[in-house]
Amino acid sequence: MEETTLNNSIHVKLTEKFGEKVTAVSEPYGLLTFVTYKDVIINVLSHLKEELKFNFLTDITAVHYPGKEHGIAVVYHLHNMVEKIRIRIKVFISEQNPTIPTATTVWKGANWMERETYDLFGVKFEGHPDLRRILNMDDLGVHPMLKQYPLEDPNRVDKKDEFFGR
Amino acid sequence: MNHNHPVFTDNDPQSELVTLNLGPTHPATHGVFQNVLQLDGERIVSGVSTIGYIHRAFEKIAEHRPFYQITPLTDRLNYCSSPINNMGWHMTVEKLLNIQMPKRVDYLRVIIMELSRIADHIICNTIIGQDTGATTTFLYLFQFREHIYEIFEEVCGARLTTNIGRIGGFERDFNEIAFMKINKFLKEFPVALKEFENLLTRNRIFIDRTAGVAEVTKETALEYSWTGPLLRATGVDYDVRVSDPYSSYQDFDFEVPVGTSGDIYDRYLVRNEEMWQSLRIIEQAVVKLKTEPKGIFHADVPEFYLPPKQEVYNNMEALIYHFKIVMGEIDAPKAEVYHAVEGGNGELGFYLINDGGRTPYRLHFRRPSFVNYQMFAPMSEGMLLSDAIINMSSMNIIAGELDA
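For the protein sequence lines, the chains are A and B, in the order given. Numbered according to the numbering used here, the first sequence spans residues 17 to 182. Numbered according to the numbering used here, the second sequence spans residues 647 to 1050.
Warning: the hint list may mix true and false statements.
Here are the computed lysine-lysine pairs in the DSSO-like style, where the Cα-Cα straight-line distance is at most 27 Å [said to hold, decoys possible]:
{"#": "1", "chain 1": "A", "residue 1": "K163", "chain 2": "B", "residue 2": "K980"}
{"#": "2", "chain 1": "A", "residue 1": "K84", "chain 2": "B", "residue 2": "K980"}
{"#": "3", "chain 1": "A", "residue 1": "K29", "chain 2": "A", "residue 2": "K54"}
{"#": "4", "chain 1": "A", "residue 1": "K69", "chain 2": "B", "residue 2": "K864"}
{"#": "5", "chain 1": "B", "residue 1": "K741", "chain 2": "A", "residue 2": "K106"}
{"#": "6", "chain 1": "A", "residue 1": "K65", "chain 2": "A", "residue 2": "K33"}
Hint data in this document are derived by calculation from the structure and do not stem from the laboratory. All of these numbers come straight from a predicted model, not from anything done at the bench.
Let the hints inform the model, and build the full structure from the sequences given.
Pasting the structure below:
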């Protein structure tokens, strides 16, 4: 209950500042989640850091939703350590041209998180000081976490969903 | 400097710098990762970290496994404290499924998690001693890690990669021998830890090697997203167990030790004090267990908790649930959830997106070693090579958690 009021006040403050740029607000398991756009993401992050005291960048990662117009979601988890609230920010970007401004200008710790996201999903963080692969070898050629790269033999049929009534 | 084009100083007769490959297989790194360092005499001019030598694509594998088959993957993240990873994952799924755990299970979990925290800190602190030249401390305290593993063995049958517990509780109740071993550990470990502290804490050589070395301010630590003992050594009292309690940690009375300067000595002190606090928590948990109803070791959620084999052969419902769980057919809500636990090295987060399929749509591990280690190369610049080595051991970088 207390969490919800806090989340509401953050939502109100964000809407005041960014208006329609803050959309799809939800609260799965008490964690305030919203979608914003890549032209304002750095403003949103610095506003959250400077004004709303989300001083800590917990994590940056991405999710791939193939077949959508904006098929890659870059997900940021921030944490306000004083008031003990977390927040999740998503930015949907195009799969063909996955670019987004880097968050290393706001938190230096974003460096490796973004390199990992680039390595696994091919998201190009513009302005990143050292955007190289981090976990995989440099000449891998693909970004392996994208859904088009199967883990197992794609000819294998015994695990297809249709056999389980889906 | 780019590691693809390392500067080979041999080609430049004017240069006085030496390129040194620290790792990937070097005894001082205590794991498989590489640092290409430029040395001017004994001083590090610049460094580049290369990681990924044991990258096993767990996030990709997890997208193809039902929930219960992901537990063994989490074992291999921070393999020095696997039970914390296992239970962190179980609690993530329980959060997704809205399962309320009985208090007794929470307390049993707390015992196991705190034991693994002690095991983790034993490794880190004795290795700081080892790397500063004090092998004795390593030999004295390290046997207690063995005793902790014996307790795990009694509870789940495995020692290092434990795969302990299940979604919804434990696979079996703790037996008498397990409790006897826990009590024996609670009696013997404080004596040894005290002895360990007597050997190191006021040791002139140890203080000279560690105090004032690799100091980090809290601003820098937060800027680089440090968590765990490293962050607390700089003076920030952030501990997931307190700020976001899970598994009934709010029922326990313990302190969060913090340092002041964030140097190696402070990190050592913070880890030592955390071992004392973990002992306190375990003692309280053992007492609390006595008032809880006996024999409860899992939540009453037959649709998510694997039934005993005997039941499966004799009971229709149990057979159905068994089939559904094993085939990954459980009805989990389509939702996304982030759950964090305090691992040995800091905040270990699980970001799980479920789309109603047999497997997670996406699972991301927020690995504390990975996030903490990115500061190693920048902070090594200007440092003596021998100091950088202890700095690395005090960061307790576990290669499995680094690479996932």
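Evaluated hints:
{"no.": "1", "hint": "A:K163 x B:K980", "in the structure": "holds, 19 Å"}
{"no.": "2", "hint": "A:K84 x B:K980", "in the structure": "holds, 19 Å"}
{"no.": "3", "hint": "A:K29 x A:K54", "in the structure": "holds, 19 Å"}
{"no.": "4", "hint": "A:K69 x B:K864", "in the structure": "holds, 15 Å"}
{"no.": "5", "hint": "B:K741 x A:K106", "in the structure": "holds, 21 Å"}
{"no.": "6", "hint": "A:K65 x A:K33", "in the structure": "holds, 14 Å"}
Comparing the model with each earlier hint shows no violations; every hint is respected.
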